[in-house]
Amino acid sequence: MIYTMSFCRVTAALLVLGMTGCIARIKGPAVPKSISTPVYKDSDFSGDVANYRAATDPAKLDLVAAKAYRDRIVYGMMADIEYLFRDYEGNLFINSAKFNIGGDFLELGLSTAATLGNGARTKTILSALGSAAAGNRISIDKNFFRQRTFEAIVNAMEARRSAVEKRILDQLQKSADLYPFEAALKDLREYFFAGTLEGGLTELQQETGAAARTNLHRVEATKEMLTEATAINHSLAKISTTKDYSKLIKFLRAMGKNVDDKTSESDLQQAYRDVANAALDDPELMKKFREEIKKAGVIP
Amino acid sequence: MPTASHFVDGTKTLAEQETDLNDMEQLGAQKVTSYAESTKPAAGDKGNEALLQPVPFGQQPPPLELIALAAGDDVAKAIAAQVSQGKTVVFHETCWVESKETLVIGVRKQK
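Each protein sequence line maps, in turn, to chains W and A.
Read the first sequence against this note's numbering and you will find it ends at 300, with the numbers running on by one and no gaps.
Read the second sequence against this note's numbering and you will find it ends at 111, with the numbers running on by one and no gaps.
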């Protein structure tokens with residue numbers, strides 16, 4: 001019996017070790033050497049900036065050369081930022097288990113950009129961008145982040161990067177006097193930080209804020225409101241039978257509609273419907289609607 | 001004929017959504033012709049969208065009633081049962097109800 005139990009334990013331990021080993025051995029495809037390292041060297045950057053400055057010297061302004069140098073710097077840095085982002089993203093996935101634990105998640109979420117990625121190169125890029133990785137903090141609501149999956153944050157990072165990348169590429173069509181290197185540098189900073197965990201979290205917060213705002217446009221009715229709406233509908237039926245639209249006209253004018261006793265019956269009905277539909281999506285307008293319809297005497 | 005569209009919070013109960021839809025109809029002198037879960041960003045997360053058509057004053061149809069079907073229920077049988085009770089079916093669509101995707105039938109009593 002004891003022998004059997006020991007055998008089971010050893011077998012289970014070997015299975016667990018074997019499975020863990022498999023996980024550790026999973027690797028992506030081999031990356032070609034040409035794209036596996038940053039390509040834009042610090043010396044290239046310094047040289048191109050000096051050449052750009054010379055080309056934009058008012059005494060010997062050369063906008064064609066300035067654009068060429070600006071574009072080379074921007075494309076070079078974008079290529080390196082892209083390399084760093086993929087490296088950083090890969091490390092995030094490896095560490096993604098930590099995201100399930102509130103405390104670690106929070107700590108990781110607030111870590112600086114250089115913490116997980118290719119530290120040395122990130123530091124160089126940040127130095128070129130003139131930004132410190134530290135200090136780029138966002139306000140944190142633990143509950144908010146606990147509800148978000150790791151994949152959602154990475155997707156938000158990608159979305160934010162794509163938006164900034166498109167803006168930069170559009171701007172590069174302009175000449176160096178309309179989109180100078182300094183403006184490009186500002187956008188490159190944004191491009192870099194969009195690809196950090198903080199950038200992803202900020203994007204998610206903004207998306208959630210936008211969703212919360214759209215929720216205000218959902219119809220919110222109570223039974224009391226429905227009772228009043230039914231009374232209004234019955235009153236409208238009476239108006240159409242008697243053909244006395246004076247109270248409705250008074251109400252519509254109070255709601256900003258340009259109608260009078262010469263307006264056709266069908267136009268008056270549609271004007272009323274337009275006001276009602278607008279009020280259904282806007283709580284403030286609905287408040288006014290309910291006040292004015294009583295004031296006009298459509299309902300008591 | 002102009003059509004109005006409104007969103008309803010799909011986290012609400014079926015009864016609450018029924019109140020919202022009837023409020024839209026009564027207040028706006030219009031009738032719901034379609035109601036289903038919405039994929040539009042403006043609907044927000046788990047939102048349903050109602051499409052409504054104008055009704056001339058005084059010709060408002062009877063109130064709308066919502067019926068949720070359980071998973072595995074026979075839709076055709078459920079609709080036939082409503083018709084046999086003298087009701088007309090306005091729509092049968094998948095909607096968000098209390099944050100769950102639910103097949104909902106919208107019916108009215110015949111005038």
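In case anyone wonders, no lab produced these hints; they're calculated from the structure.
Honestly, I wouldn't trust all of these hints.
Stated by the list, open to error - Result set (BS3-like, lysine-lysine): computed pairs, CA atoms no more than 25 Å apart in a straight line:
#1 A:77 x W:223
#2 W:294 x A:31
#3 W:223 x A:87
#4 A:111 x W:287
#5 W:174 x W:186
#6 W:238 x A:31
#7 W:223 x W:257
#8 W:238 x A:46
#9 A:77 x A:40
#10 A:31 x A:12
#11 A:109 x W:238
#12 W:243 x A:31
#13 A:109 x W:223
#14 W:174 x A:87
#15 A:12 x A:111
#16 A:111 x W:247
#17 W:174 x W:60
#18 A:12 x W:223
#19 A:46 x W:257
#20 W:287 x A:100
#21 A:12 x W:287
#22 A:109 x W:243
Unchecked claim - Label pairs and their computed distance ranges (CB to CB):
#23 W:172 x A:76: 58 to 68 Å
#24 A:62 x W:300: 40 to 50 Å
#25 A:70 x W:169: 25 to 35 Å
#26 A:84 x W:264: 37 to 47 Å
#27 W:241 x A:76: 21 to 31 Å
#28 A:98 x W:265: 34 to 44 Å
#29 A:5 x W:247: 56 to 66 Å
#30 W:172 x A:73: 56 to 66 Å
#31 A:63 x W:171: 50 to 60 Å
Even for Gly, the Cβ is constructed at its ideal location relative to N, Cα and C.
Do the hints match the structure? See the list:
| no. | hint | in the structure |
| --- | --- | --- |
| 1 | A:77 x W:223 | 31 Å, violated |
| 2 | W:294 x A:31 | 24 Å, holds |
| 3 | W:223 x A:87 | 23 Å, holds |
| 4 | A:111 x W:287 | 32 Å, violated |
| 5 | W:174 x W:186 | 16 Å, holds |
| 6 | W:238 x A:31 | 19 Å, holds |
| 7 | W:223 x W:257 | 28 Å, violated |
| 8 | W:238 x A:46 | 39 Å, violated |
| 9 | A:77 x A:40 | 31 Å, violated |
| 10 | A:31 x A:12 | 21 Å, holds |
| 11 | A:109 x W:238 | 22 Å, holds |
| 12 | W:243 x A:31 | 22 Å, holds |
| 13 | A:109 x W:223 | 20 Å, holds |
| 14 | W:174 x A:87 | 65 Å, violated |
| 15 | A:12 x A:111 | 29 Å, violated |
| 16 | A:111 x W:247 | 29 Å, violated |
| 17 | W:174 x W:60 | 20 Å, holds |
| 18 | A:12 x W:223 | 14 Å, holds |
| 19 | A:46 x W:257 | 34 Å, violated |
| 20 | W:287 x A:100 | 31 Å, violated |
| 21 | A:12 x W:287 | 22 Å, holds |
| 22 | A:109 x W:243 | 28 Å, violated |
| 23 | W:172 x A:76: 58 to 68 Å | 60 Å, holds |
| 24 | A:62 x W:300: 40 to 50 Å | 24 Å, violated |
| 25 | A:70 x W:169: 25 to 35 Å | 52 Å, violated |
| 26 | A:84 x W:264: 37 to 47 Å | 43 Å, holds |
| 27 | W:241 x A:76: 21 to 31 Å | 41 Å, violated |
| 28 | A:98 x W:265: 34 to 44 Å | 42 Å, holds |
| 29 | A:5 x W:247: 56 to 66 Å | 28 Å, violated |
| 30 | W:172 x A:73: 56 to 66 Å | 58 Å, holds |
| 31 | A:63 x W:171: 50 to 60 Å | 57 Å, holds |
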